[in-house]
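Novice: Given chain A, work out where chain B should sit, using these hints.
Take a look at the letters that make up each chain.
Number of protein chains: 2
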Amino acid sequence: MEEANDNIQFKITDELIEQVEQLIEAQNDKEIESLFKDFHYADIAEILNELNLEDSLYVIKLIDSETTSDILMELDEDIREKVLQNLSAKEIAEEIEELDTDDAADIIAELPLKRQYEVISNIEDEEHKAEIQELLTYDEDSAGGLMAKELVKVYETWTVAGCIRRIRGQAENVTRVHSVYVVDKKNKLIGRLSLKDLITAKSDQKIADIYISNVDYAYVDDDVEDVAKIMAKYDLEAIPVVDKNQTLLGRITIDDIIDVIREEADKDYQLAAGISKDVEADASILQLTRARLPWLALGLLGGVGAFLIMEGFQESFAKYAVLFFFTPLIAAMAGNVGVQSSAIIVQGLANDDVRGSVNSRLIKEMLLAALNGTALAIVLFLFVFLYNGSFLTALAISVSLIAVIVVAGLIGTFVPLFLHKRGIDPAIATGPFITTSNDIFGILIYFLIAKLILGF
Amino acid sequence: MEEANDNIQFKITDELIEQVEQLIEAQNDKEIESLFKDFHYADIAEILNELNLEDSLYVIKLIDSETTSDILMELDEDIREKVLQNLSAKEIAEEIEELDTDDAADIIAELPLKRQYEVISNIEDEEHKAEIQELLTYDEDSAGGLMAKELVKVYETWTVAGCIRRIRGQAENVTRVHSVYVVDKKNKLIGRLSLKDLITAKSDQKIADIYISNVDYAYVDDDVEDVAKIMAKYDLEAIPVVDKNQTLLGRITIDDIIDVIREEADKDYQLAAGISKDVEADASILQLTRARLPWLALGLLGGVGAFLIMEGFQESFAKYAVLFFFTPLIAAMAGNVGVQSSAIIVQGLANDDVRGSVNSRLIKEMLLAALNGTALAIVLFLFVFLYNGSFLTALAISVSLIAVIVVAGLIGTFVPLFLHKRGIDPAIATGPFITTSNDIFGILIYFLIAKLILGF
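Heads up: the sequence lines are chains A and B, in that order.
The first sequence runs 89 to 544 under this note's numbering.
The second sequence runs 89 to 544 under this note's numbering.
Any given hint could be a false lead.
Note that the list lumps identical chains together, so a pair holds whenever it fits in one copy or between two copies.
As a list, the in silico DSS-like pairs of lysine-lysine whose alpha-carbon atoms are at most 30 Å apart [said to hold, decoys possible]:
1. 241 - 284
2. 99 - 321
3. 202 - 125
4. 125 - 276
5. 509 - 321
6. 217 - 321
7. 125 - 294
8. 407 - 321
9. 241 - 125
10. 317 - 149
11. 170 - 452
12. 539 - 284
13. 99 - 332
14. 355 - 321
15. 241 - 321
16. 407 - 355
17. 273 - 202
18. 452 - 355
19. 317 - 170
20. 321 - 125
21. 317 - 284
22. 509 - 452
23. 452 - 241
24. 274 - 332
25. 274 - 217
26. 99 - 509
27. 149 - 321
Derived from the structure by calculation, the hints contain no laboratory data.
Here chain A stands alone, though its shape is the one from the complex:
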């Protein structure tokens, strides 16, 4: 009996890396080949991500080209960049020949422009070359930028038997066949057929009689995030891509969409945490600084703003020192509420869950904030009153807390809705941006209300 979880748990270990490094140092090519033969290319890429450049190149040049092209695709982008720099245009072109058009175009797009031309001119298969060149013309965030040219296409006039014969030819170049797309003479998409339908149909039937005309498709310039939503919502595993005349251009498969969904989620998460740019835990200190410092600088600016406000109220300092001791609490609550409400809106917008008018949203958030705020204010009132003994001070602090929470909730709701209406990604409104502005507003409101109640 096999050990449980044998196959699902490929875990890269320090021992494995060490073993590989020793084999490379000993130039024990046979051992390396036999070790890597059993690994999936995605696993090999994980190993290469951990090696130094020289060792990675050694392995890549050793392994046969069909696998290395897949490995290249799976490498971390910065590692791939370095590897590609150390390959000749001809070597890259050879890898490209092995890849599907979408992956091929992605890799070429990462190269410097001059090198792009060199690599393309080295691609021998003229059809592959032309297809890649076409894909390079589309925006990378559009359906065209994500699609592959590989697909299985049949004409409505064919019979099932003829179809299966032709598919045998076409399918060789298509890694996975989800659907067979049916086109008319002008290559316009008119329907689809699943392989299952084809297998279960009689062989002398005409495609025109059995195809399903109700086919979902994307336009070549649709935004990939919209395509992702459609595919997730309708549980599609592949979607054909057409131009404005319904001419079939390519298809997008679900594995590429999963990457889009994950990247989008990662990006929103990072923005909420105050990390711009896509960095990973393993990025260099400089990369991490570039991603993190700007948001911290924003926080610094907010802190200076809070300082100026407090300084403006300093004449009341001697008498109401206790007020100043609660400013971190006020700022924290304003920030927390702002992040909560903006996160719910941002997530709702991402899932197309937010309907109804802006006003009704704001009223709901106001009620919610007032409810939460009152509950918290009662607790705070009791604490301050019992600790400090001054009814008025306790009242001033807790009433301000309610006001601050309500305003923070409104800002957190309004800003992302406003940005979204303006066509700006609302996710930037979460995290440090909302925290910082709410800190300042919160402290200002707090002192203004306290001044009103305490009369300083």
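Specialist: Chain B in isolation, oriented as in the chain A frame:
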């Protein structure tokens, strides 16, 4: 020519909802049926989510059962709960008969226990019933809880022709055929075949001669998140599920995995934003309060902690009031840095990106925080010095800032790694949890260092 983006943009509008409501009020069944006939079930579910319960039930009872079962699956969970409450056990069982086993089990699992039995006993198809009952025994977060019993299975002893014949029978019950799974006499999974392979093989070949023995699979009690990672990493569109003896039990398809990935991302995002429980923008005020208030209460506690620290230093108040004006800045920076570093670790852990020792992580974060902190401290020093004129005060504040940022970074790095090691979801360490503790630590460190430098 069709209008651009005609099909990809089904957008639910207030006008559409109003139209549906009016048709229901007028009991214009014909119009309703013809309106909904052209809609995808996922779109109909979106519309029903917006109607009141009575109207939703009206539509559901009107539309034919094959579509309503799919609509039920797509409804928001709280709406579905209400709809199911208003259907008899027999009616629910009829819907269940139309669903795949995985969806059927999911819906039944949502019902109260007593009703589960009633519904199950009303299912007429004995095989379907037994399969659903089997699925209900698995943990919902395990591969078993996600898999469906529907799959296409062939024995190694069959020929290609025989295989295609049998697949015609089996495939009727399987919505989408990704792979054909090859088993031995004892139903042990030994390999797979794609439909493409089957179509391109000669009809008298034996399955034993053409199947691919290298097949990825999941064990029935594997965690769904691990299964999701494997499927995303290896670009699998379906994965067979086996028990410890390799007996083929079911399969998981990629559309279910997409939901797992999205839910996981949503959950982490909400935790980072201080929202516990899975709530949507459209949830009730009470639900939203339950999800948000606990985190705010934590923030309040932290604020009180900060208050107590500041109060402890109040004798230095008269002389160094300016110190107190910078506490919101210190707290904000500590919180921001903590969230940044914890978010990177949490995301890295989620993507299996975090390797190497805890110590090397901490050293890296310390260097990074020191670098960021110094840059920010220089700016702050210049501001305080120029504004306030006191060299020592400016020095105290900016040196403390560096210390606070370094400590915040270390806490933000250490806590999620620690939780992860203990088997606790590190995502809870992001958001309010880290902000609050860093607020307190930050302000404490700030005053201690300031005291040391200024000597009060």
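Novice: Does each hint fit the structure? Answer for all of them.
Specialist: Evaluation of the provided hints:
1. In this assembly of identical chains, the alpha carbons of residue 241 and residue 284 lie at most 30 Å apart whether taken from the same copy (15 Å) or from different copies (14 Å).
2. In the homo-oligomer, the alpha carbons of residue 99 and residue 321 lie at most 30 Å apart only across protomers (13 Å), although the nearest pairing inside one protomer, at 33 Å, exceeds that limit.
3. Taking the shortest alpha-carbon separations for residue 202 and residue 125, neither the intra-copy value of 35 Å nor the inter-copy value of 54 Å comes in at or below 30 Å.
4. Taking CA atoms no more than 30 Å apart as the test, residue 125 paired with residue 276 passes between copies only; the shortest distance there is 25 Å, against 43 Å inside one copy.
5. With identical chains, the CA atoms of residue 509 and residue 321 are at most 30 Å apart within one copy only, with a shortest distance of 23 Å there and 36 Å across copies.
6. When the C-alpha separation of residue 217 and residue 321 is checked against a cutoff of 30 Å, the pair qualifies only between copies, where the shortest distance is 28 Å, while the shortest distance within a copy is 34 Å.
7. In the homo-oligomer, the alpha carbons of residue 125 and residue 294 lie at most 30 Å apart only across protomers (27 Å), although the nearest pairing inside one protomer, at 45 Å, exceeds that limit.
8. For a Cα distance limit of 30 Å, the shortest separation of residue 407 from residue 321 qualifies neither inside one copy, at 61 Å, nor across copies, at 63 Å.
9. With identical chains, the CA atoms of residue 241 and residue 125 are at most 30 Å apart between copies only, with a shortest distance of 28 Å across copies and 34 Å within one.
10. Proximity of residue 317 to residue 149 under the C-alpha cut-off of 30 Å is restricted to the inter-copy arrangement: shortest distance 29 Å between copies versus 40 Å within a copy.
11. For the homomeric pair residue 170 and residue 452, the shortest alpha-carbon distance between copies (23 Å) is at most 30 Å, but the shortest distance inside one copy (52 Å) is not.
12. For the homomeric pair residue 539 and residue 284, neither the shortest alpha-carbon distance inside one copy (75 Å) nor that between copies (77 Å) is at most 30 Å.
13. Only between protomers do residue 99 and residue 332 lie at most 30 Å apart by alpha-carbon distance; the minimum there is 20 Å, versus 47 Å within a single protomer.
14. In the homo-oligomer, the alpha carbons of residue 355 and residue 321 lie at most 30 Å apart both inside one protomer (21 Å) and across protomers (19 Å), since each shortest distance falls under that limit.
15. Taking CA atoms no more than 30 Å apart as the test, residue 241 paired with residue 321 passes in both settings, with 25 Å inside one copy and 28 Å between copies.
16. In this assembly of identical chains, the alpha carbons of residue 407 and residue 355 never lie at most 30 Å apart, being 47 Å within a copy and 46 Å across copies at closest.
17. In the homo-oligomer, the alpha carbons of residue 273 and residue 202 never lie at most 30 Å apart, since the shortest distance is 39 Å inside one protomer and 59 Å across protomers.
18. Taking the shortest alpha-carbon separations for residue 452 and residue 355, both the intra-copy value of 28 Å and the inter-copy value of 23 Å come in at or below 30 Å.
19. Proximity of residue 317 and residue 170 under a CA criterion of 30 Å is satisfied inter-copy only: 27 Å between copies versus 34 Å inside one chain copy.
20. Proximity of residue 321 to residue 125 under the C-alpha cut-off of 30 Å is restricted to the inter-copy arrangement: shortest distance 18 Å between copies versus 39 Å within a copy.
21. Taking the shortest alpha-carbon separations for residue 317 and residue 284, both the intra-copy value of 26 Å and the inter-copy value of 28 Å come in at or below 30 Å.
22. Taking CA atoms no more than 30 Å apart as the test, residue 509 paired with residue 452 passes inside one copy only; the shortest distance there is 19 Å, against 40 Å between copies.
23. For the homomeric pair residue 452 and residue 241, neither the shortest alpha-carbon distance inside one copy (51 Å) nor that between copies (53 Å) is at most 30 Å.
24. Within a single copy, residue 274 and residue 332 get their C-alpha atoms as close as 13 Å, which meets the 30 Å cut-off; across copies the closest is 53 Å, which misses it.
25. With identical chains, the CA atoms of residue 274 and residue 217 are at most 30 Å apart within one copy only, with a shortest distance of 23 Å there and 49 Å across copies.
26. Only between protomers do residue 99 and residue 509 lie at most 30 Å apart by alpha-carbon distance; the minimum there is 16 Å, versus 45 Å within a single protomer.
27. Taking CA atoms no more than 30 Å apart as the test, residue 149 paired with residue 321 passes between copies only; the shortest distance there is 23 Å, against 43 Å inside one copy.
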